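Peer 1: Sequence:
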Amino acid sequence: MADWLPGVVAAEMPASFAPEALRAQAVAARTYILQRMRGGAANHPEAGVCDQYTCCCARKDDAALREQWGADYAHNMARIRQAVTDTDGQYLTYGGQLIRAVFHASSAGATESSAALWSGDAPYLVSVSSPETAQDVPNYVSTAEIAAVLDSYPDCVLGDDPGTWFGTPELDDSGRVARIPVGSETLTGAQVRALFSLRSAAFSVAYSGGTFTFTVTGSGHGVGMSQYGANVMAIRGSGYADILAHYYPGTTLIRAEG
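For the sequence shown, my numbering assigns the number 1 to the initial residue and increments by one for each residue that follows.
It is worth saying that the hints were derived from the structure and are not from the lab. Predicted, not measured: the structure shown is a model, and the values here were computed from it. Check each hint, because a few of them may be wrong.
[Said to hold, decoys possible] So the derived label-pair ranges between C-beta atoms look like this: (1) P154 x G209: 23 to 29 Å; (2) A74 x P249: 34 to 40 Å; (3) L195 x A74: 41 to 47 Å; (4) S197 x W118: 17 to 23 Å; (5) C156 x T252: 44 to 50 Å; (6) G209 x H75: 43 to 49 Å; (7) T168 x D136: 25 to 31 Å; (8) D136 x D62: 27 to 33 Å; (9) P14 x T93: 24 to 30 Å; (10) G239 x P14: 18 to 24 Å; (11) G120 x G163: 34 to 40 Å; (12) A64 x V141: 27 to 33 Å; (13) R236 x D160: 48 to 54 Å.
From the three backbone atoms N, C-alpha and C, an ideal C-beta is built for every residue, glycine too.
Take the sequences, apply the hints, and build the full model.
Peer 2: Listed below in structure tokens is the structure:
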């Protein structure tokens, strides 16, 4: 894993982030990979983990990173490898078991509870505050214009007035859309996010001139560690252990011996 992990960290978090944020990412990624490897993966039983972000976790090989970073390759890779080395052998557990250390790019003030998205209720994947704002995150607030809607829901009755197709959303404790009336259906925020390829489920929607405009805050599913939030915490003086304890409450950081 020592040779594989830097490519994961480099693919998941900007190399320019504060060292303590990079260390937190290294521990989270290592934990996630170990948990996948030991728990098995139905999608690819021949391997415990793959480098497809839609399945396991993103990873970039050396050639891709050299092309991406150009003249900054040596400097950036040194920062990534230092974070991996500084946390060598360290991982997170809950109740003596490896945790599912998921992470995402940025949150809209608070992370999402795993129970809101996935089956089961991991006690360490609950909604917690996250400090990043529009000043810290590029494209923190984004918009997406959708002209045609709901091809995936052929039984949905929309009505004659498009302005009434989307009702008032119900928000969960993290501020994301829990569910929203859409014509004769009620969809979850996650379903709407997937349907329209939105950056997150923290959105509002408006209709004008034949087009629906979604205003979206943050990026990613919102569960676990916010990477931009981790960077803000690191800049403010938090160590990687404190960052991990905040985003994965109740977990234990197992440190390498020696």
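Peer 1: Any of the earlier hints contradicted here, and which numbers?
Peer 2: none
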